[in-house]
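S.K.: Dock chain W against chain R, hints included.
Spelled out, the chains give:
There are 2 protein chains.
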Amino acid sequence: MSPPDPNSPVLSEVETPALVVDGALLDANIERMQAAARRAGVSLRPHAKTHKSPEIARRQCQAGAVGIACATILEAEDMIAAGISDVLITSPVVGADKVRRLVQLHRRSAIMLVVDHPLQVDAISAALGSGDVPLPLLVDVDIGQARTGVASTAAGLALAKHIQAAARLRFVGLQGYAGHVQHIIDAEDRQQAVHGAAALLRTLADRLRAERLAPAIISGSGTGASAFDLDGDCYTELQPGSYVFMDADYGRLREHNGMPLPYDNTLFVLATVISVNRAGQVTVDAGTKALAVNGPPPDRLIGVPSASNYTFAGDEHGTITLPPSAAIPRLGSRVLIGATHCDPTVNLHNGYHVVKGDGTLMRWPIIGRYRAGISPTTNIPEGE
Amino acid sequence: MSPPDPNSPVLSEVETPALVVDGALLDANIERMQAAARRAGVSLRPHAKTHKSPEIARRQCQAGAVGIACATILEAEDMIAAGISDVLITSPVVGADKVRRLVQLHRRSAIMLVVDHPLQVDAISAALGSGDVPLPLLVDVDIGQARTGVASTAAGLALAKHIQAAARLRFVGLQGYAGHVQHIIDAEDRQQAVHGAAALLRTLADRLRAERLAPAIISGSGTGASAFDLDGDCYTELQPGSYVFMDADYGRLREHNGMPLPYDNTLFVLATVISVNRAGQVTVDAGTKALAVNGPPPDRLIGVPSASNYTFAGDEHGTITLPPSAAIPRLGSRVLIGATHCDPTVNLHNGYHVVKGDGTLMRWPIIGRYRAGISPTTNIPEGE
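Protein chains in written order, with the numbering used here: chain R, 161 to 544; chain W, 161 to 544.
Fair warning: there could be bad hints in the mix.
Unchecked claim - From the derived model, a few chain W residues whose C-beta atoms are all more than 12 Å from chain R:
id : residue
1  : D393
2  : D424
3  : S485
As the list claims (entries may be wrong) - For the chain R half of the interface with chain W, some residues (derived, Cβ under 7 Å), not all of them:
id : residue
4  : V226
5  : A306
6  : N437
In short, the hints are calculated from the structure, not lab data. All figures in this text were calculated on a predicted structure; none of them were measured in a lab. Note that CB positions come from ideal geometry on N, CA and C, so glycine has one too.
If we strip away everything but chain R, and leave its shape as in the complex, we get (with noise of 0.2 Å):
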């Protein structure tokens, strides 16, 4: 399977910079990390924080996920309004518009969320109406991040009677998610830290089993664990989000008998050659507004001599220095970068270009970004 052509006639009527996703490798990443969660009987639940996209929930959810999982609620809004269903908000909901605003998700969609603390819990108790239908909710445990979570299993417990014992709410299961150890390069290591992470889930999964209070669900995980938890007997659902895109850092992760993780990169920013006028170096369309500087330098580059290097120039600007003695690339041609830190260069974004198989273009629509307070769906373009 070829890459994508940024020269290609329908990349060259693309506006740049740009997002561009190899459509089929997607489909292939989506499918693998399906067919891994298949063969070890756990579920699945995709982390749409990665890609902010109703056509790839959709897609994942197809494939047979059980849901997606999002990182706020304007995610959850967004994406309920797209029409998927079954949305995990995976950090605690604080503030009483955004109580409301779930309360207002819960009475059209199926939805459950984490909660860390009883307040949270009083909060949206408070806030349900007699006529509503027991909102699921789960126990966030702090598994080694130290960012959110229940910090012991003793307040974990309390928590979980907590939900059980307030109105209108359903206490269905734990989170823990141990994002400090998806990114271990060493193999032994990431997974002694993996199952370190998950021992914690269990001691308080088997206190909760010791109460009746027994966990339906423990979701957790993400794409550099996810071959560990498979296998880990702890959780019943897993929320990866990067596979689809792969992020460059992930490349290093040594996996399981010497083997990388399985999923190929599939995020490129589309940028056009503005200027030529220096030696051994042109200078394009993207820069740190299109692409995220929280990762490995971007160093896959289509269009380009091999061995050309891609270094930041500005908000709206990057140069390409080429090898000695390579032709330069011509005004106005295009270019492909690898985007190496994939959440927030989508982030950056309104819309994914997606290549297909066949050679032809989709637009698929970002959505969930900050909106300032507009409403949900003011900001949503409709897709091809």
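M.R.: Okay, now just chain W, sitting in the frame of chain R:
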């Protein structure tokens, strides 16, 4: 003047994370730069890529700016659609579709742009019709940043002649932007670099005058170099952008006779405390999707005990470490986090919440963000 209170009634209603601007200090920054330009007898054309806000552009023009600078055709389209006239696009516009859009703008409003290659000139000339008034072009000169611009005096002279010879175009001047010198810490080193960069422009301007192609406009400079360039007898207009919000990095610069740059930090991200389970630490809902990471770590925090520290903790989270024995902020309380790199932080949001001197709030839209080919104004919320 006291800074905005994140737990004031008006800010408590704002959905987090959100951009917040200190409106009174913003107005003072605008007036202070304009006054400096006025004293020096140099025009001000503030760069709008910093704020992407028609409201702020309007205030800059009302204060006396001759117009604004935009980095992209998208920004120019949205500014002109919002009623801002006299726009200079500060980067070459390459590609048939963008050239068509440029011509459309030229037919609606006063617009100028820079070019750095004869092929760009030819494309624009060919796209204009016989009924069009001449479009004013500036020759972009590389004065040391090695990004865009002609790379020699000879090339600059040839390009100016090429413009003058082309149909429906008018050569009006030069642009040189020395991005690389804006952040040099030592004032003497910076002054020397600024003067060295301007010398290249001066040489070309002299050559052009000798050829009866005197540049009416010499445009350039930025916030860090502005004080020197106002004194420097080279530029007819300055393009500073950051001074409206000020990047934290500029706080490190030493100015003339030991004084810092006289502009205040006015840009914050408002966040909510969403997790309070760990000793000496809380978690807020603003991370790398709310605050740009390519600046110093955020170190101005309002709403938490002094000597607290913010650390990025993922796309949607930050952790705030509290000083020993400090009271833990309550769940749901609000914090203002000073943005340290303003342009890319603004680009993550869709609008500003501006706190006026009387404590009331305005919401101003942010325009000109990439929109995947969606037509102008689709994406623009209404200001209040």
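S.K.: Could you check the structure against the hints above and give me the numbers of any it violates, in ascending order?
M.R.: Violated: hint 4 alone.
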